[in-house]
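Full structure from sequences and hints, please.
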Amino acid sequence: MSVFNIVIAGVGGQGVLLTSKIIAESALQHGYDVKQSEVHGMAQRGGSVVSFVRFGEKVYAPMVSEGEADLLIGFEPVETARYIHFLKETGNVIYNTYRMSSITVSIGAEKYPENIGEIIKNSAKNVYQFSGTSIAIEAGDKRALNIVMMGAAMKFLPFEKNDVLEVIKKTVNKKVVDVNVKAFELGFNSMR
Amino acid sequence: MKAILSGNEAIARGFIEAGGRLVSSYPGTPSTEVTETLATEYKESKIHVEWATNEKVALEVAIGGAISGVRSMACMKHVGVNVAADPLLTVAYTGVNAGLVLFVADDPGMFSSQNEQDSRHYARFAKIPCVEPSDSQEAKEFLKLAFEISEQFDTPVLFRTTTRVSHCKSVVSLSEPSISEVKELVKDFAKYVMLPSNAQKRHVFVEERMQRLKEFAEETSLNLEIEGSNEIGFIANGISFQYVREAFPEASVLKLGLTWPLPENKIKAFASKVKKLIVVEELDPIFEDTIKAMGIRVDVGKNLFPVCGEYSKHLVYEKVSGKKVELKAPVAGLTRRPPTLCPGCSHRGLFTTLSKLKYFVSGDIGCYTLGGLPPFSAMHTCICMGASISAAHGIAKGLELQGIKQKPIAVIGDSTFLHSGITGLIDMVYNSGDAVVVIMNNDTTGMTGGQEHPGTGRTAKGKEAIKLSIEKLCHTIGAKRVRNIDTYNLKELEKIFKEEMETEGPSVLISNQPCVLRYRVAKKALKVNKEKCTACKMCLKVGCVALSLMEEGETKFVQIDPLLCNGCTVCQQQCKFDAIEGGEV
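Heads up: the protein sequence lines correspond to chains A and B, in order.
Residues in the first sequence are numbered consecutively from 1, following the working numbering.
Residues in the second sequence are numbered consecutively from 1001, following the working numbering.
Hints are computed from structural coordinates only; laboratory data are not their basis.
Okay, the calculated beta carbon distance ranges per label pair:
hint : chain 1 : residue 1 : chain 2 : residue 2 : range
1    : B       : Gln1559   : A       : Asn173    : 29 to 39 Å
2    : A       : Glu57     : B       : Asn1303   : 34 to 44 Å
3    : B       : Thr1534   : A       : Lys125    : 38 to 48 Å
4    : A       : Lys175    : B       : Lys1463   : 17 to 27 Å
Some but not every residue of chain B turned toward chain A, in silico, with C-beta under 10 Å:
hint : residue
5    : Ser1136
6    : Ile1239
7    : Val1244
8    : Glu1326
9    : Leu1327
Derived pair list, reagent style DSS-like, types lysine-lysine, alpha-carbon separation capped at 27 Å:
hint : chain 1 : residue 1 : chain 2 : residue 2
10   : A       : Lys111    : B       : Lys1527
11   : A       : Lys88     : B       : Lys1323
12   : B       : Lys1214   : B       : Lys1302
13   : A       : Lys121    : B       : Lys1328
14   : A       : Lys88     : B       : Lys1324
15   : A       : Lys142    : A       : Lys169
16   : B       : Lys1537   : A       : Lys111
17   : B       : Lys1002   : A       : Lys169
18   : B       : Lys1523   : A       : Lys142
Glycine included, C-beta positions come from ideal geometry on N, C-alpha and C.
Here it is in structure tokens:
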């Protein structure tokens, strides 16, 4: 197969990197070559965070380029819009509708775009939206959003559900396995 | 067995597989995870892993380890090598006993750094070999080779990555850990005591060693030639190699893994085979200048490729093909989302106050550098680790010479203070300086993700250790005015600042509130009473992402996101209308 390109965007602290790690591990389980890139440090302090995962027979560069992504997983509406030009014509967007203020909004320097849903809808053909945050809270912890997003993204990933569940169980902290399994199931079902 | 590892995790694995025994490091993005991985994933291995007080100490400890007879490594970010440059330039003369590797991670594009220096200069400067991997598998394998080169040529080896190699993950085949042969500690005056008479002889050895390394460069498997079309030939290293492969899969490539010294004959032969020679290297034209000095024509190099910032496969394609790649434009007019202090962070109260009092603030490297951004804009210099205190001292002296009486403020974190702030404070106290030094002790190295240091009372592996008292240390060096402050109490904090500004001589103010991220401090969220809120925006001056100004028809009011608020009450103390409710006392 040709390389499958994924962009995962969100806000520092939302757990974007864990979702990215689970996708990469799942791709390895399925026998693909895989590369994943992310940025640490300063960028993580409540700032915009993006991670790329690419898998296929052979992958060279770790970053996805504009117009190349098969799937965009957005943890927050503005962050989804920020990377939507990375999507290819036929690509899919799946995003969490829960809005997070940025510091520029919080200090009154900028306004959060009220029509962000419209902006996203007008920028891509295949858009799927849902309240991932509400589902995470329903699963038992707001921090399980990343696993909810993983569950929802399964609709577009060539992975076996049970294999991914195994990866999740191995990856997350043992104390929170149950919450995360529930989060995954709820996310998974939300897109069926 | 296969695993997905980041470049840094792979280096840690390579260290174990190479039979490495001693690691001493100072945290710094993007290098931190090598040491973290060794301290956590390989906790049970019989290796010594430590966070050193700074990079100079880290390298010296590793030098000692190598001299003692065990394979040793020091890890740091690019700017850390500046701190470690003194021992580096001389251990190049002494050479090693067991293998010694200095791992350095550069940061093209400056994702989390104050400059984008190219550390390969240090290999040339110190006359030592430089090894560079281009993915995680190579990171692991090349590290093992680096230890072999170190021992074979009696030299420290610079092992260099960039952010994209260190932080990108790729598939790695794991091998069994090996047990390297331990060497004997020997007393060798002529080799290890760098008195001029000995150093003069060792310098000759260094020059001869470089000749032998040049010969080695011609044959080593670290340099790989990929045969392709003879139309274009690329010379590339590290992540640039991956971009070249993706942009021009048909082209010939000479991939350099030993990036200092360069294989002159190999490059000459390669250049003669291709019609156009293109050098792709991020940052400085080190290959290009060296290749040109060999009398070889370089068709494309820094004449088209930038020195600043990082590259991409599109950039490589555009510069080489001359064709513009039409990319979809980003959505215009979106709200920006720069990094910011966490909700509940102890730095927020400090910068809210410093911003209000409009003092001149000499800053430092850490999360608190964010105090320089709006809405605070309360940091006016930030040069390098530890510079806040010494620069504040210089500023005060300079102003005094101009007949101006103005006390500057220095702001520094605990880890940075112990790294190199303490020497500045000793200097200020000794030379009758006059500044207010604020030490924001949050009991961790925050910006790099929460590492231990001498003040936390725990080692890298999490074992209990002697806990250094910053307060006692300040007293010991002779500071007369040392006070504890609570940055969550704005009124009291303002009063203390005003008092200290009125006194003569250095004052040290120490905040001892834990990092909310590292120690998972979670206080109950506050709430805005819409009836009382006048939308005066005073609370927004604390620069917290949990707050946002809402509009409902004609009414404006501030809202607090209960999922983000950490109940620190700093915004509440700003409110003149008691509109923010809740808060633990």
